[in-house]
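**Q** Sequence:
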Amino acid sequence: MTDFAADWLDLREPLDAVARDPELIAALIAWSRQRDALSVLDLGCGTGANFRILAPLLSQEQDWRLVDHDADLLAGGDRRLQQWAAARKLSVRAEAATLTLEGAERRYRLERIRLDLTDRWERLERRADALVTASALLDLTSAAWLDRLAQQCREWRAAVYVALSYDGRTRWEPELEQDEWVRERHNRHQRTDKGFGPALGPDAPATLAIRLRELGYRVMLRPSPWRLGPEHDAMQTTLLSGWSRVVRQLDPQTTNWLTAWTSERQRLIDRKASRLNVGHWDLFAQLC
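Every letter in the sequence shown is one number past the one before it in this note's numbering, and letter 75, counting from 1, is 104.
Wrong hints could be hidden among the right ones.
[Stated by the list, open to error] Label-pair ranges, simulated between beta-carbon atoms:
1) Gly271 - Gly226: 20 to 28 Å
2) Ala100 - Gly226: 19 to 27 Å
3) Leu205 - Leu40: 37 to 45 Å
4) Leu205 - Glu243: 38 to 46 Å
5) Asp148 - Gly271: 23 to 31 Å
6) Gly271 - Asp176: 22 to 30 Å
7) Thr221 - Ser270: 12 to 20 Å
8) Glu213 - Glu243: 28 to 36 Å
9) Ala173 - Pro85: 29 to 37 Å
10) Gly258 - Ala126: 37 to 45 Å
11) Glu184 - Arg117: 31 to 39 Å
Hint data in this document are derived by calculation from the structure and do not stem from the laboratory.
Every residue, glycine too, gets a C-beta built ideally from N, C-alpha and C.
Start from the sequences and build out the full structure, keeping to the hints where you can.
**A** Listed below in structure tokens is the structure:
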């Protein structure tokens, strides 16, 4: 699987929280409130951002399984989760791979599971009233992997909430001549194998939506773009650096003009004169 640094996940967490589609969040809340307790499987959990965003909105008693292949991210997640709990005056009890966070009206049990999602994660124990969730994961996966995901969710009769899947659209302001050229190569890189097989990249959300509908789900799909203004200069710089690196990997002959493009983009960011939109999709599905 692709590795992500904790500082990158920290940088994107507040942006993801703002970008999530409110209509889908409302549908998820309505679904969860039909249940006194809720069991959640979070695939590719990283440091636990999905939990931190969703948990306060859902049922009072929640049982989460946080699954990731990266031991460092899971360990870093423990620290962040305990800080999150302290800020909300929740007690924390740690037992082996489990954290229990509890307050007057809320109780969260979190089990951290180290598992490579390219492996047979479907062997995880089924739990009643399951919600399967992920964030910023789908575009890394293949058609075969998404089919496995859809089939397993149907077998478990689980609802599905997947947020922030990249949709292939980026727009800088002001525009520069090479913007589209860079976007095309970045999207080409999105389709390379990230460990799951040939990645679907921007096609992943629609692919999963079609498969879930075939299996009897009612599916909602909504845009959830990042809208990065001058105040988001750190994220703009991080994305600029990453996209430039990808283009160099795909086409080493681009060095001269790519260096000039990157320098001009960075100059605009540093002058607080740059804006960037990055498109994503959110998906929520429940059985009809």
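**Q** If a hint holds in the structure, say so; if it doesn't, say that too.
**A** Here is what the structure says about each hint:
no. : hint                        : in the structure
1   : Gly271 - Gly226: 20 to 28 Å : holds (22 Å)
2   : Ala100 - Gly226: 19 to 27 Å : holds (24 Å)
3   : Leu205 - Leu40: 37 to 45 Å  : violated (24 Å)
4   : Leu205 - Glu243: 38 to 46 Å : holds (42 Å)
5   : Asp148 - Gly271: 23 to 31 Å : holds (27 Å)
6   : Gly271 - Asp176: 22 to 30 Å : holds (29 Å)
7   : Thr221 - Ser270: 12 to 20 Å : holds (19 Å)
8   : Glu213 - Glu243: 28 to 36 Å : holds (31 Å)
9   : Ala173 - Pro85: 29 to 37 Å  : holds (35 Å)
10  : Gly258 - Ala126: 37 to 45 Å : holds (40 Å)
11  : Glu184 - Arg117: 31 to 39 Å : holds (35 Å)
Checked against the numbered hints given earlier, the structure breaks only hint 3 and satisfies all the rest.
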